[in-house]
Amino acid sequence: MKHSQDLHSDVAEVLLSEDQIRAKVSELGQRIAADYAGREITLVSVLKGSLPFMADLMRQIDLPLRIDLMEVSSYGGSTTESSGLVRILKDLSAPIDGRDVLLVEDIIDTGLTLNYLLRYLRGKNPRSIKVCALLDKPARRLVEIPLDYVGFEIPDAFVVGYGLDYGEVYRNLRFVGVLRPEAYES
Amino acid sequence: MTAVEAPGAARPEHGFAHASEAEFAHILDFYEVRWEYEPQVFPILWDLSGTVLESFAPDFYLPDIDLFVEMTTLRQQLVRKKNRKVRRLRELYPGIRIKLFYARDFRALMLKYGRAALVGELSGTVGQVGPRPDVEVVPEVSADATIDLQPKSGTADSSGDSPATGERRSRAARRRAGRRAAAARGASSPAN
Chain A
1 MKHSQDLHSD VAEVLLSEDQ IRAKVSELGQ RIAADYAGRE ITLVSVLKGS LPFMADLMRQ
61 IDLPLRIDLM EVSSYGGSTT ESSGLVRILK DLSAPIDGRD VLLVEDIIDT GLTLNYLLRY
121 LRGKNPRSIK VCALLDKPAR RLVEIPLDYV GFEIPDAFVV GYGLDYGEVY RNLRFVGVLR
181 PEAYES
Chain B
187 MTAVEAPGAA RPEHGFAHAS EAEFAHILDF YEVRWEYEPQ VFPILWDLSG TVLESFAPDF
247 YLPDIDLFVE MTTLRQQLVR KKNRKVRRLR ELYPGIRIKL FYARDFRALM LKYGRAALVG
307 ELSGTVGQVG PRPDVEVVPE VSADATIDLQ PKSGTADSSG DSPATGERRS RAARRRAGRR
367 AAAARGASSP AN
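Residue numbers (my numbering), protein chains in the order written: chain A, 1 to 186; chain B, 187 to 378.
Hints listed in this document are in silico derivations from the structure and should not be mistaken for laboratory results. Here the structure is a predicted model, which means the values were calculated and not measured. Take these hints with a grain of salt, some might be off.
Said to hold, decoys possible - Examples of chain A residues toward chain B, derived with CB under 8 Å: (1) Tyr36; (2) Tyr75; (3) Thr113; (4) Tyr149.
Glycine is no exception: its CB is placed at the ideal position from the N, C-alpha and C atoms.
Excised from the complex, chain A in its bound form (with noise of 0.2 Å):
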């Protein structure tokens, strides 16, 4: 993990701008409000990648809505080695049984971590479940989900910026970039 101090130094190209990204979630908030209209939905975050696409989606659904955060453990990390197993660091917390529940990812890649999500949230009885990611890149799919909203469909890149993260690195920025192979080539 090399990241310099000066974190856009390490971005080769920025792949969607920040008003880019604030169009879009304004954009999408309009449609799930028109979609879930006279009903209550709450929305499920996964940490921590999605996290500012939650915080600002949910001020664009102007619907009464509950919000809850998740995080589970993810390949190679430090938590996984003991079982080899996916485990949940932080479940929900209230029941969504009856509830109208909208997942929230930051991106859809392999779709391995969504199918897991998927198949432990519908074990919680909600009424029903949908799924909005920010970002697809569907050249890396291996299980085929449908995605309920959208934002962006991006190239095979590896992508950085507006939660998503390398080595817990460049969360922060305002965009989403293309990350220099030099920033993770060793």
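Given the structure of chain A, go ahead and fit chain B onto it with the hints provided.
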């Protein structure tokens, strides 16, 4: 047209032909995606008498999502051969869903999970065990050979892969691959 069960499909242990396959299996296990290793052999080339000349056994089958995955993290010459096999498979078995997992896909997966430093150990020729890739024989059909490209039902080679493909590796080689992958995992420094 029917595929046949690979001879190793029922074995209780999984030895992998390549360290990247072992790593991929661990990722699937982690996310609780069921997989089978080389469970089926698909004949893809016959001679006029219906004898299978060439078969293809994709590395993984994911039954829950009905998808075959073929890992190809080796050198370009073998990638071309695998591309050709996958094209042929898709022509002959249009109902089969298969994804070719290239070296760049594997690299991206490792990067995503903070394991980019392991890419060199788990991919390419370094990660290969068993027969060296440059001696792996995939039959190149000579110009004067008599080949029937039309499949004949019920003519699948019941022994699994055609002997000519040379793609089956010994169990010992597969175990060595698994051990190498395990050692590589132990040497990692998770970044997430």
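To see whether the hints hold, each was checked on the structure:
Given hint, Tyr36 (chain A) at the interface with chain B, is violated; its Cβ is 29 Å from that chain's nearest Cβ, farther than 8 Å. Proximity of Tyr75 (chain A) to chain B holds as hinted, the smallest CB-CB distance being about 5 Å (cut-off 8 Å). Look at Thr113 (chain A): its Cβ gets to within about 7 Å of chain B, closer than 8 Å, so that hint holds up. For Tyr149 (chain A), the interface hint is violated, since its Cβ never comes within 8 Å of a Cβ in chain B; the closest pair sits about 22 Å apart.
Comparing the model with each numbered hint stated earlier shows that hints 1 and 4 do not hold.
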